[in-house]
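Peer 1: Knowing the structure of chain A, use the given hints to seat chain B on it.
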Amino acid sequence: MKTRLAILILVVLLALLPAYAGKYALYVAIHILLLSIFSLGFNLLFGYTGLLSFGQAGFYAVGAYGCAKILLTYPSLLVGIVGGVVIAGAVSLLLGFLCIRHTRIYFSMLTLSFGMMIFSLAWKWRDMTGGDDGLVGIPRAPLEIPGLFKINMAPMENYYYVVLAFAILAIYLFHRIVHSPMGLAMQGIRDSETRTACIGISVRKYRLLSFTIAGLYAGLAGALLPPLESTVTPPLAHWSHSAEPVLATLLGGVYSFSGPIVGSVLFYLLKDIIVRFTEYWQMCLGIIVVVLVIGFRGGVVSIFSRKGGRR
Amino acid sequence: METLVFQGLVGLSVSMYLWLLAAGLTIVFGVLGVLNFAHGSLFMLGAYFTFTYYGLWGVNFWLAIALSLLSVAVVGYFMERFFLRHIYHLDHAYQLLLTFGFILIFDDAVKMIWGGVAKIPPMPSFFEGTVSVVGRPFPFYNLFIIGTGLAVAIVVWLLFEKTWWGKMVRASASDREMASAIGVNIPTLFTGVFVFGAMLAALGGALGTPVRVVAPGIGAAMIIQAFIITVIGGLGNLKGAFVGAIIVGTLSAYGILLFPVFELFLIFLIMAVVLMVKPQGLFGG
Numbered sequence: 033m034k035t036r037l038a039i040l041i042l043v044v045l046l047a048l049l050p051a052y053a054g055k056y057a058l059y060v061a062i063h064i065l066l067l068s069i070f071s072l073g074f075n076l077l078f079g080y081t082g083l084l085s086f087g088q089a090g091f092y093a094v095g096a097y098g099c100a101k102i103l104l105t106y107p108s109l110l111v112g113i114v115g116g117v118v119i120a121g122a123v124s125l126l127l128g129f130l131c132i133r134h135t136r137i138y139f140s141m142l143t144l145s146f147g148m149m150i151f152s153l154a155w156k157w158r159d160m161t162g163g164d165d166g167l168v169g170i171p172r173a174p175l176e177i178p179g180l181f182k183i184n185m186a187p188m189e190n191y192y193y194v195v196l197a198f199a200i201l202a203i204y205l206f207h208r209i210v211h212s213p214m215g216l217a218m219q220g221i222r223d224s225e226t227r228t229a230c231i232g233i234s235v236r237k238y239r240l241l242s243f244t245i246a247g248l249y250a251g252l253a254g255a256l257l258p259p260l261e262s263t264v265t266p267p268l269a270h271w272s273h274s275a276e277p278v279l280a281t282l283l284g285g286v287y288s289f290s291g292p293i294v295g296s297v298l299f300y301l302l303k304d305i306i307v308r309f310t311e312y313w314q315m316c317l318g319i320i321v322v323v324l325v326i327g328f329r330g331g332v333v334s335i336f337s338r339k340g341g342r343r
Numbered sequence: 355m356e357t358l359v360f361q362g363l364v365g366l367s368v369s370m371y372l373w374l375l376a377a378g379l380t381i382v383f384g385v386l387g388v389l390n391f392a393h394g395s396l397f398m399l400g401a402y403f404t405f406t407y408y409g410l411w412g413v414n415f416w417l418a419i420a421l422s423l424l425s426v427a428v429v430g431y432f433m434e435r436f437f438l439r440h441i442y443h444l445d446h447a448y449q450l451l452l453t454f455g456f457i458l459i460f461d462d463a464v465k466m467i468w469g470g471v472a473k474i475p476p477m478p479s480f481f482e483g484t485v486s487v488v489g490r491p492f493p494f495y496n497l498f499i500i501g502t503g504l505a506v507a508i509v510v511w512l513l514f515e516k517t518w519w520g521k522m523v524r525a526s527a528s529d530r531e532m533a534s535a536i537g538v539n540i541p542t543l544f545t546g547v548f549v550f551g552a553m554l555a556a557l558g559g560a561l562g563t564p565v566r567v568v569a570p571g572i573g574a575a576m577i578i579q580a581f582i583i584t585v586i587g588g589l590g591n592l593k594g595a596f597v598g599a600i601i602v603g604t605l606s607a608y609g610i611l612l613f614p615v616f617e618l619f620l621i622f623l624i625m626a627v628v629l630m631v632k633p634q635g636l637f638g639g
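Chains as they are written, first to last, in this note's numbering: chain A, 33 to 343; chain B, 355 to 639.
No wet-lab data here; the hints were simulated from the structure.
Values in this document were obtained by computation on a predicted structure and should not be read as measured data.
Hints should not be assumed to be uniformly reliable.
In silico lysine-lysine, DSBU-like type, Cα no more than 30 Å apart, as pairs [to be verified]:
1. A:K237 / B:K632
2. B:K593 / B:K521
3. A:K303 / A:K55
4. B:K473 / A:K156
5. B:K632 / B:K465
6. A:K303 / B:K465
7. A:K303 / B:K473
8. B:K593 / B:K516
9. A:K237 / A:K55
10. B:K521 / B:K473
11. B:K632 / A:K156
Chain A extracted, bound-state conformation (with noise of 0.2 Å):
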């Protein structure tokens, strides 16, 4: 009861957020739900599945490319951002095919290399891609329905609110999936491959499932991004951009399910703050991440809560 009545006035605090913030922090509050919606796909791969990708970035950049391509020749932001995950579901599910077959560091490693095709893609292939000026001009074009209603998209604050709603809608089926059967399986399968293939839960599939909704996740996150920016670069697929959901991760608490949207939103603040004082915040994100590692790895939410508990 307590949990959901501070889930209620966050969303209202949120919901209220362009009354009393200037352009700059909805800036900024975009960038961090599309690195929670991020960072969460990610964790169900890494925190319920336990398979650490390196190649997240890839999907993201096809959502991001996909919803690009799709806005410069027919400007309707849903079908973009629709296109954009479609788009990026299906490369994941393809890839995901191939990269499941292993686990560890065998994983890490051909999601790695996978994602760095999608980078050389992105960078290379210029009649598609634009190569290393990436896409330009693209139109945070206007919310419509025919017939039913069109919305201008011009002001930062309606295209908050769309992010809101995907990221709110996002966040709401990630908590059905992982208080499923299906995210029971998952985390089985994190805890123990061979008791869960033994109880008859076919492995292969669950890891291919979360492959997936990884990369659907990380496909929304990138659709959200060119109406945002009108660009898309290839540094969006470059392995340092997969990085970033995993610090985020692990700064919140891999084993939470909260743990990615807490890290989402100090990652961008910690970078943000650190970035007033030095120009060598990365030194400080590395330090962070050297100390959560040693002492910490249920991340901050796991200081804040007794379930969390070291691992």
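Peer 2: For chain B alone, coordinates are given in the frame of chain A:
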């Protein structure tokens, strides 16, 4: 035909350079079971130290290399002794994460000390000449790299196969507990192996300085190359790393001639295919 032969030789020198990079990573993974994400950063530090000793302070080139190897050895010692040692028992994921943290730290540390601008170290005069190969001038420096790569391969092989230390290392790589039970001091040995790996990385970085720019971020770029090589050859397999380096080096030398656009894609494709078909690598048992 001459182009092919010439480019093959260029590829071989690239290969030997990559081999220096991949050797340490392979040894550390093979013995400690840790895939060191920061290996490329140690490589970068080797380059920066050499730049400082030779390019800034004017120390003799060979002495500068020896000094930078020692400097990186100290860094490696601290990394292993105070950080890595505490997470050997954890999942691989945490080892990747911890060493990734070190990439961030080293990258910024380098910017702090040497600035964010790329440095161009001077080339020692004795490297400047060329040798005629199939009628074309081939840089003497490249020949030197080929020679060094082969020499390092032989030294490493002798060290692991013919010395008492090598025997202890191999014993603890195959069974830590048993080795410990018969009196091998595992923690000290692991520190030694990690420091050795770090010095190999530093050697690669140091020997690259005459022809490559030294800049923050080269570590992150190099580690991906090293991952590709070690994965193709088989993680933890030295022979595999040597062959893997030759494959990647040769491929990039010819790739630039034949299909410049998809060279990068092709290399990652090979890595992915090897992982899918034979995850233990081309030479893994």
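Peer 1: With reference to the structure, classify each hint as holding or not holding.
Peer 2: Status of the hints after comparison with the structure:
Distance hint between A:K237 and B:K632 is fulfilled; the C-alpha atoms sit about 22 Å from each other, no more than 30 Å. Using a Cα cut-off of 30 Å, the hinted pair B:K593 and B:K521 holds, with the two alpha carbons roughly 17 Å apart. The hinted pair formed by A:K303 and A:K55 meets the criterion: a straight-line CA distance of about 18 Å does not exceed 30 Å. Proposed proximity of B:K473 and A:K156 is supported: the alpha carbons are some 28 Å apart, at most 30 Å.
For the hint linking B:K632 to B:K465, the alpha-carbon distance of about 40 Å lies beyond 30 Å, and the restraint is violated. With a CA separation close to 17 Å, the supplied pair A:K303 and B:K465 stays within the 30 Å bound. This hinted pair checks out: A:K303 and B:K473 have alpha carbons roughly 28 Å apart, not beyond 30 Å. For the suggested pair B:K593 and B:K516, the alpha carbons sit about 16 Å apart, so the restraint of at most 30 Å is met.
A distance of roughly 44 Å separates the Cα atoms of A:K237 and A:K55; the hinted pair therefore is violated under the 30 Å criterion. A distance of roughly 41 Å separates the Cα atoms of B:K521 and B:K473; the hinted pair therefore is violated under the 30 Å criterion. Distance check on the hinted pair: B:K632 and A:K156 sit about 28 Å apart at the alpha-carbon level, within 30 Å; holds.
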